[in-house]
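Those protein sequences? They're chains A and B, same order as listed.
Following our numbering, the numbering of the first sequence begins with 1 at its first residue and continues without gaps.
Following our numbering, the numbering of the second sequence begins with 1 at its first residue and continues without gaps.
What the hints contain is simulated information worked out from the structure, not anything from laboratory work.
Accuracy of the hints is not assured; some may be wrong.
As the list claims (entries may be wrong) - Mimicking SDA-like on lysine to any residue, the simulated pairs with C-alpha atoms at most 25 Å apart in a straight line are:
#1 B/Lys56 <-> A/Gly102
#2 B/Lys10 <-> A/Asp192
#3 B/Lys10 <-> A/Phe154
#4 B/Lys56 <-> A/Pro73
#5 B/Lys10 <-> B/Asp47
#6 B/Lys2 <-> A/Tyr62
#7 B/Lys10 <-> A/Asp61
#8 A/Lys22 <-> A/Leu70
#9 A/Lys147 <-> B/Gln17
#10 B/Lys10 <-> B/Asp49
#11 A/Lys9 <-> A/Gly175
#12 A/Lys9 <-> A/Phe154
#13 A/Lys9 <-> A/Glu42
#14 B/Lys10 <-> A/Ala161
Claimed, not checked - Restraint ranges, calculated between C-beta atoms of paired labels, are given here:
#15 B/Thr4 <-> A/Pro6: 51 to 61 Å
#16 B/Val78 <-> A/His228: 53 to 63 Å
#17 B/Glu74 <-> A/Asp156: 33 to 43 Å
#18 A/Pro6 <-> B/Asp42: 47 to 57 Å
Please read all numbers here as calculations on a predicted model, not as lab measurements.
For glycine and all other residues, C-beta sits at the position ideal for the given N, C-alpha and C.
Each chain, letter by letter, is given below.
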Amino acid sequence: MTAHEPKPKVAVVTFPGSNDDKDAALALAQLGAEVVPVWHAEEALPDVGAVVLPGGFSYGDYLRAGALALIAPVMTSVRAFADEGGLVLGICNGFQVLCEAGLLPGVLRPNRSLTFVCRDTPLTVERTDTPFTSRCRPAQQLTIPVKHGEGCYFVDEELLAELEASDQVVLRYEGDSPNGSVARIAGVVNVDANVLGLLPHPLHAVDPVTGSSHGAFVLGSLVDAALHAVAQPASV
Amino acid sequence: MKATVLVRPKPGILDPQGEAVQGSLQQLGFAVDAARVGRVVDLELRDADRGEARAKLERMCEQLLANPLIESYEIQLVEDG
Numbered sequence: 001m002t003a004h005e006p007k008p009k010v011a012v013v014t015f016p017g018s019n020d021d022k023d024a025a026l027a028l029a030q031l032g033a034e035v036v037p038v039w040h041a042e043e044a045l046p047d048v049g050a051v052v053l054p055g056g057f058s059y060g061d062y063l064r065a066g067a068l069a070l071i072a073p074v075m076t077s078v079r080a081f082a083d084e085g086g087l088v089l090g091i092c093n094g095f096q097v098l099c100e101a102g103l104l105p106g107v108l109r110p111n112r113s114l115t116f117v118c119r120d121t122p123l124t125v126e127r128t129d130t131p132f133t134s135r136c137r138p139a140q141q142l143t144i145p146v147k148h149g150e151g152c153y154f155v156d157e158e159l160l161a162e163l164e165a166s167d168q169v170v171l172r173y174e175g176d177s178p179n180g181s182v183a184r185i186a187g188v189v190n191v192d193a194n195v196l197g198l199l200p201h202p203l204h205a206v207d208p209v210t211g212s213s214h215g216a217f218v219l220g221s222l223v224d225a226a227l228h229a230v231a232q233p234a235s236v
Numbered sequence: 001m002k003a004t005v006l007v008r009p010k011p012g013i014l015d016p017q018g019e020a021v022q023g024s025l026q027q028l029g030f031a032v033d034a035a036r037v038g039r040v041v042d043l044e045l046r047d048a049d050r051g052e053a054r055a056k057l058e059r060m061c062e063q064l065l066a067n068p069l070i071e072s073y074e075i076q077l078v079e080d081g
């Protein structure tokens, strides 16, 4: 019967300088998604259940990491897709892009240490009622690698209070944050929880051969949700 | 018309780059109590009208050149005949 089951379609956007697009596609495919590659210059998104903005160095990280992706033609469609409730996941540079594009609150700044960090990082799941964490248990600890130079999440005190009050923090670093993020924030959603940005790379942790397969809890949740999103005729 | 936009980390915003620069200058023997590192963007505009140019530069800063959460900006217009 599996041959007849619909596969959720997930778009993976490639900007000039993205370097995790292939890994994201592999991980999503391994978790049962049909991946649709989308080039940044495309104006329309294909009919998909979710969009992933992968890691890398879009537009060379010029000006500020993620800032120049604002002008990518595809971002107009990504914004419209998100506004209609479409599922959008930004990983690392994808998170930076979503913040700079105003789809998520806050901004990612150079690491407090000014050094690039690349290591497995323990995380705590703060919410399981999102399309990105439905496979997780409440307060579950995940080990997922980070690799970034500009991952210091910043919001001012007022905005932080708003984020905490509306439960928008989905993932937090366990113990010391690797980058100096406020409130050890590793991943945040928008108010409607259909857009998530996170610094750690779940795509690098879906196969035990890489040391941890905890990334599958996040990406697998997204694949589940993308299937339901496609099943709804309203998501045209 | 030429313009220069200065983008700075806002007061109160931690600036690890500035701290590193200050520390390095101290090591070189300079008595420096603080350093903040920002960005300079030099622009050549087609506009001839100063008011219009300034209004456009404001929009450029708000939309792209500065991130208002963490950065302030200063616009300097330079007449070039």
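Now for the hints, and whether the structure bears them out:
A distance of roughly 21 Å separates the Cα atoms of B/Lys56 and A/Gly102; the hinted pair therefore holds under the 25 Å criterion. Taking the CA atoms of B/Lys10 and A/Asp192, the gap is about 30 Å. The hint is violated against a cut of 25 Å. With a CA separation close to 13 Å, the supplied pair B/Lys10 and A/Phe154 stays within the 25 Å bound. Our distance criterion of 25 Å between C-alpha atoms is met by B/Lys56 and A/Pro73, whose separation comes to about 22 Å.
Of the supplied pair hints, the one linking B/Lys10 and B/Asp47 is violated, its CA atoms being roughly 29 Å apart against a limit of 25 Å. Pair hint B/Lys2 plus A/Tyr62 holds up; C-alpha atoms about 22 Å apart against a cutoff of 25 Å. About 21 Å separates the Cα atoms of B/Lys10 and A/Asp61, which keeps this hinted pair within 25 Å; it holds. Taking the CA atoms of A/Lys22 and A/Leu70, the gap is near 22 Å; set against the 25 Å cutoff, the hint holds.
The hinted pair formed by A/Lys147 and B/Gln17 meets the criterion: a straight-line CA distance of about 20 Å does not exceed 25 Å. Annotation: proposed proximity of B/Lys10 to B/Asp49 is violated, straight-line Cα distance about 30 Å (limit 25 Å). Proposed proximity of A/Lys9 and A/Gly175 is contradicted: the alpha carbons are some 36 Å apart, above 25 Å. About 33 Å separates the Cα atoms of A/Lys9 and A/Phe154, which puts this hinted pair outside 25 Å; it is violated.
A threshold of 25 Å between alpha carbons decides the hint, and for A/Lys9 with A/Glu42 the separation of about 17 Å falls inside it, so the pair holds. For the given pair, B/Lys10 sits about 20 Å from A/Ala161 by alpha-carbon distance, which is consistent with the 25 Å threshold. Checked against the hint of 51 to 61 Å, the C-beta distance between B/Thr4 and A/Pro6 comes to roughly 56 Å, which is consistent with it. Distance hint check for B/Val78 and A/His228: the Cβ-Cβ separation is about 57 Å, which falls inside the suggested range of 53 to 63 Å.
In this structure the hint that B/Glu74 and A/Asp156 lie 33 to 43 Å apart at CB is violated, the actual value being about 21 Å. For the hinted restraint 47 to 57 Å between A/Pro6 and B/Asp42, the CB-CB distance of approximately 54 Å keeps it satisfied.
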